[in-house]
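**Student:** Please work from the sequences and hints to get the whole structure.
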Amino acid sequence: MNCESFKKMISERFGNLYLDEMEKKHLEECSECRQHYEEYGSLEESLKQSEITPLGSVEFAMIQQTLDNNINRYQMKAISFYRLSTHYGAGAFAVLFLFFVSLWSGFQYGVYYTESTQPAESYYLADNEYDESEEYDQQYIELLLNDYTKNNGFNSGDLLLDELTADEMEYLQNNLEVGDIL
Amino acid sequence: MSETNSELVARAKNGDRQAFDRLVKENKDKMFALTLRMTGNREVALDLTQETFFAAFRDLRRFRGESSFSSWLYRIASNKSLNYLKRKKILSFVPIIGSPAESESYEMNDGTDQQELKNKIAEAVNLLPPKQKLVFNLRFYEQMPFGEIAAVLKKSESTVKTNYQKALEKLKPALKDFR
Chain A
1 MNCESFKKMI
11 SERFGNLYLD
21 EMEKKHLEEC
31 SECRQHYEEY
41 GSLEESLKQS
51 EITPLGSVEF
61 AMIQQTLDNN
71 INRYQMKAIS
81 FYRLSTHYGA
91 GAFAVLFLFF
101 VSLWSGFQYG
111 VYYTESTQPA
121 ESYYLADNEY
131 DESEEYDQQY
141 IELLLNDYTK
151 NNGFNSGDLL
161 LDELTADEME
171 YLQNNLEVGD
181 IL
Chain B
1 MSETNSELVA
11 RAKNGDRQAF
21 DRLVKENKDK
31 MFALTLRMTG
41 NREVALDLTQ
51 ETFFAAFRDL
61 RRFRGESSFS
71 SWLYRIASNK
81 SLNYLKRKKI
91 LSFVPIIGSP
101 AESESYEMND
111 GTDQQELKNK
121 IAEAVNLLPP
131 KQKLVFNLRF
141 YEQMPFGEIA
151 AVLKKSESTV
161 KTNYQKALEK
171 LKPALKDFR
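Residue numbers (our numbering), protein chains in the order written: chain A, 1 to 182; chain B, 1 to 179.
No lab work stands behind these hints: they were computed from the structure. The model shown is predicted, which means the values in this text are computed figures rather than measured ones. A virtual CB, placed ideally from N, CA and C, is assigned to each residue, including glycine. It cannot be assumed that every hint is accurate.
Said to hold, decoys possible - Anything over 10 Å on all C-beta distances counts as not near chain B; from chain A, calculated:
(1) 88
(2) 99
(3) 142
(4) 172
Claimed, not checked - 30 Å max Cα-Cα, derived DSS-like pairs, lysine-lysine:
(5) B/88 x B/172
(6) A/7 x B/166
(7) B/176 x B/154
(8) B/176 x A/24
(9) A/7 x B/155
(10) B/120 x A/48
(11) A/48 x B/161
(12) B/86 x B/172
(13) A/7 x B/170
(14) B/13 x A/48
(15) A/48 x B/88
(16) B/120 x B/131
(17) B/176 x A/7
**Tutor:** Structure below.
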């Protein structure tokens with residue numbers, strides 16, 4: 001053990017000074033370290049005499065009273081903050097709720113209004129879309145035609161132009177246009 | 001942390017005031033001793049002790065139990081004491097005419113040599129720089145291991161040891177006449 005490590009050890013153990021066998025042996029051999037140890041030992045003794053008067057019961061009661069007051073005040077503040085935040089939070093929620101409700105109802109009205117003012121759906125069928133009403137109408141028309149031709153004594157597809165004269169036929173061929181109804 | 005202490009802390013965290021009051025009673029003497037040795041003024045030490053426990057109550061939810069509850073309290077009390085000394089140092093530059101000098105001794109009861117020695121010691125300790133004084137008090141009077149002091153002050157253990165050594169070197173000549 002050298003003097004430097006001995007002195008370092010003394011300062012680290014200051015307050016509870018003790019020596020092991022190796023350190024005691026070094027102390028016997030080194031007068032400088034012996035003096036250092038004695039000085040620190042004396043200082044330790046002096047400092048240990050500085051005792052403070054412990055906290056009295058009256059003083060502790062004062063601390064406790066102030067602490068209770070501070071804690072109660074702090075808790076009241078926390079509660080009032082919670083209440084305020086609850087009230088304002090509920091108010092904000094109600095405003096938001098009303099806003100979204102009005103937004104939603106406005107949206108719904110908009111859809112209804114748009115639908116009610118649109119032309120019939122059939123006008124908007126694309127070429128590749130299937131229209132059931134068209135098929136129904138065609139069948140209905142054919143049914144009506146069959147009834148009509150049967151009631152009048154001729155079948156559909158009969159040529160009714162056979163009774164015309166050749167001049168009349170020529171006139172028609174020269175003057176009729178596609179789409180004319182006879 | 002002992003089982004009882006950790007249970008008390010857990011109960012106090014859940015809002016149990018009785019558990020917190022028990023923690024206050026268990027730690028009051030240690031906190032008062034530290035603040036008194038740091039400030040040298042009994043009235044101030046009472047205030048700082050109260051403030052320490054109030055801060056602990058307010059921030060109890062932040063205490064994660066990584067150190068002992070008393071170490072955590074020591075940290076709060078240390079910071080409060082250092083802040084007080086800092087404020088006092090600033091205020092000492094503004095002299096107030098007619099104000100009585102603040103008593104800086106722990107006890108002023110008798111005029112014997114023994115009392116004189118105590119006063120001299122208190123004066124010598126008070127003259128230490130705040131951080132060295134804090135390390136000295138925690139180590140010498142509170143018998144705290146260097147590792148724990150380092151954790152309380154959030155410094156390295158070697159820094160704490162150096163502070164302690166420097167404090168002793170300053171105290172040695174100051175108390176030479178009384179040995």
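**Student:** Now, for every hint given, state plainly whether the structure supports it.
**Tutor:** Hint check results:
Every beta carbon of chain B lies more than 10 Å from that of residue 88 of chain A, the smallest distance being close to 24 Å; the non-interface claim holds. The Cβ of residue 99 of chain A sits about 36 Å from the closest Cβ of chain B, beyond the 10 Å cut-off, so the non-interface label holds. Look at residue 142 of chain A: its CB is around 87 Å from the nearest CB on chain B, clear of 10 Å, so calling it non-interface holds up. Remark: the non-interface label on residue 172 of chain A is consistent with the geometry, its nearest Cβ contact in chain B lying 105 Å away (cut-off 10 Å).
Distance restraint check for residue 88 of chain B and residue 172 of chain B: the Cα-Cα separation of roughly 26 Å lies within the 30 Å cut-off, and the hinted pair is therefore satisfied. Between the alpha carbons of residue 7 of chain A and residue 166 of chain B the distance comes to roughly 13 Å, so the proposed pair stays at or under 30 Å and holds. With a CA separation close to 33 Å, the supplied pair residue 176 of chain B and residue 154 of chain B exceeds the 30 Å bound. Proposed proximity of residue 176 of chain B and residue 24 of chain A is supported: the alpha carbons are some 25 Å apart, at most 30 Å.
For the proposed pair residue 7 of chain A and residue 155 of chain B, the alpha carbon gap of about 23 Å is at most 30 Å, so the pair holds. Between residue 120 of chain B and residue 48 of chain A the alpha-carbon distance is near 13 Å, which keeps this suggested pair within the 30 Å criterion. For the hint pairing residue 48 of chain A with residue 161 of chain B, the CA-to-CA distance comes to about 20 Å; that is within 30 Å, so the pair holds. Under the criterion of a C-alpha separation no larger than 30 Å, the hint pairing residue 86 of chain B with residue 172 of chain B is consistent with the structure, at around 25 Å.
The suggested pairing of residue 7 of chain A with residue 170 of chain B holds, with an alpha-carbon distance near 15 Å, which does not exceed 30 Å. Restraint check: the Cα-Cα separation between residue 13 of chain B and residue 48 of chain A comes to about 38 Å, which exceeds 30 Å; the hinted pair is violated. For the hint pairing residue 48 of chain A with residue 88 of chain B, the CA-to-CA distance comes to about 27 Å; that is within 30 Å, so the pair holds. Taking the CA atoms of residue 120 of chain B and residue 131 of chain B, the gap is near 20 Å; set against the 30 Å cutoff, the hint holds.
Straight-line distance between C-alpha atoms of residue 176 of chain B and residue 7 of chain A comes to about 19 Å, which keeps the hinted pair within the 30 Å bound.
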